[in-house]
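Converting from the sequence shown to the numbering used here requires adding 294 to each position, the first position being numbered 1.
These aren't lab readings, by the way, just hints derived from the structure by calculation.
Treat the hints with caution; some may be incorrect.
Within a straight-line C-alpha distance of at most 20 angstroms, the following computed EDC-like cross-link-like pairs (lysine to aspartate or glutamate) qualify [unchecked claim]:
1) K391 - D428
2) K379 - E467
3) K557 - D482
4) K565 - D459
The calculated label-pair distances, taken between Cβ atoms and stated as ranges, are [claimed, not checked]:
5) N549 - K493: 23 to 29 angstroms
6) D459 - S365: 42 to 48 angstroms
7) N350 - D504: 23 to 29 angstroms
8) R551 - N329: 22 to 28 angstroms
9) D428 - P496: 37 to 43 angstroms
10) N329 - Q389: 30 to 36 angstroms
11) G323 - K486: 38 to 44 angstroms
12) E400 - G446: 23 to 29 angstroms
Glycine is no exception: its CB is placed at the ideal position from the N, C-alpha and C atoms.
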Amino acid sequence: MARIAMLGAALCLGLSLVASAAEEEFKPGPANDPNSCNALWEGIGLPNYMREEERNTFIVCHTKYVLSHNSATKTPDWVLEYVTKSQLGKNTRPQLKFQPDPNLPEDKRAVDNDYLSSKFDRGHQAPSADFSGDPDWMVESFYLSNIVPQVGAGFNRGIWKNLEDLVRDLITEYRGELYIITGPVYPDQSGKRISIAAKTNPCRNEIVLDPPPRAAICGSQAKCEAGVTVPTALFKIIYDPNYKRANAFILPNINHRDAPGFKNPADYLKKFQTPVQVVEKYTSLEFFRTLSPRDRRPITDQCTAMMLH
295 MARIAMLGAA LCLGLSLVAS AAEEEFKPGP ANDPNSCNAL WEGIGLPNYM
345 REEERNTFIV CHTKYVLSHN SATKTPDWVL EYVTKSQLGK NTRPQLKFQP
395 DPNLPEDKRA VDNDYLSSKF DRGHQAPSAD FSGDPDWMVE SFYLSNIVPQ
445 VGAGFNRGIW KNLEDLVRDL ITEYRGELYI ITGPVYPDQS GKRISIAAKT
495 NPCRNEIVLD PPPRAAICGS QAKCEAGVTV PTALFKIIYD PNYKRANAFI
545 LPNINHRDAP GFKNPADYLK KFQTPVQVVE KYTSLEFFRT LSPRDRRPIT
595 DQCTAMMLH
């Protein structure tokens with residue numbers, strides 16, 4: 295716990311130093327170089343943007359996860375982890391405040407006050423429990439670059455937590471290692487409902503994504519001109535490098551009131567399963583691009599039997 299306190303103090307000190315240099319132009323550092331954390335992603339490659347010309351992002355490497363942070367939405371577009379059984383331990387979630395990521399420009403990043411009175415949880419993309427083998431790793435998960443506004447009751451503290459638990463169980467009991475990619479699905483720019491039809495989803499699930507009640511949050515202000523964008527859904531991709539299999543899920547950012555009625559959360563989650571290609575369609579991201587087309591196609595295009603139990 296002393297290490298956690300020291301790291302918390304270091305985070306605060308780092309923030310003070312950043313604030314004192316607020317007028318200086320942001321200069322990307324080693325953490326913004328994806329090659330500084332290539333051990334996390336080299337097995338599958340970093341996600342690609344389909345519309346590279348519209349990209350306004352920063353890569354940020356942390357010890358056990360790497361992300362692409364969107365300067366417009368002030369949320370990550372994707373967060374990638376390589377999780378092994380050996381990094382999962384028994385340390386509990388530290389009692390820390392969420393902090394702005396010092397590896398991002400001050401005017402492009404979220405601050406904790408953005409979430410105050412918003413009625414949204416600070417939803418981890420790479421959950422702190424994935425790093426429970428070392429308290430220092432867990433502390434790093436509390437940067438707001440790893441967070442999106444997420445409905446709390448019934449989602450972040452409900453079925454989403456169940457999904458995260460099931461993924462860790464899969465690693466410890468069966469797989470030993472997994473790549474996990476998580477991120478938001480943003481609302482349709484026209485403000486319309488997004489309907490993923492069963493006939494266009496090889497997993498044969500219809501998934502309906504309604505626009506969130508608020509487009510963005512920025513604390514107690516009713517209207518946000520440059521706040522944190524609220525996603526309409528969250529995706530999670532789970533990839534087993536040994537069996538070359540992937541499962542993908544798109545879950546609406548709502549209170550999943552029906553989820554407690556399922557004895558096994560995996561049965562409820564199955565209703566939101568898609569192949570990776572459907573996630574690509576609704577995020578404009580491409581995954582596993584470093585794999586050969588022969589290896590990539592069955593991973594992204596097929597609805598694979600669900601690995602979660």
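Are K391 and D428 close enough, with their CA atoms no more than 20 angstroms apart?
-> holds (18 angstroms)
Supplied distance hint 23 to 29 angstroms, evaluated on CB atoms of N350 and D504 | holds (26 angstroms)
Within 30 to 36 angstroms or not, the Cβ separation of N329 and Q389?
-> The hint (30 to 36 angstroms, Cβ to Cβ) holds, given that N329 and Q389 are roughly 34 angstroms apart.
Under the criterion that the straight-line Cα-Cα distance not exceed 20 angstroms, is the pair K557, D482 satisfied?
-> Answer violated: K557 to D482 is near 33 angstroms, above 20 angstroms.
Can you let me know if the beta-carbon spacing of D459 and S365 is within 42 to 48 angstroms?
-> violated (32 angstroms)
Taking 23 to 29 angstroms as the hint, is the beta-carbon distance of N549 and K493 inside that range?
-> holds (28 angstroms)
Could you see if the CB distance from E400 to G446 stays within 23 to 29 angstroms?
-> Taking Cβ atoms as reference, E400 and G446 lie about 27 angstroms apart, which means the hint holds.
CB of R551 to CB of N329, is that within 22 to 28 angstroms?
-> violated (45 angstroms)
Evaluate the given range 38 to 44 angstroms for the C-beta pair formed by G323 and K486.
-> holds (40 angstroms)
Does the Cβ distance between D428 and P496 fall inside 37 to 43 angstroms?
-> Given a distance of about 39 angstroms, which is inside 37 to 43 angstroms, the answer is holds.
Pair hint outcome, K565 versus D459 [Cα-Cα no greater than 20 angstroms] = holds (18 angstroms)
Take a quick look at whether K379 and E467 sit within 20 angstroms of each other, Cα to Cα.
-> holds (9 angstroms)
Checked against the numbered hints above, the structure violates hints 3, 6 and 8; every other hint is satisfied.
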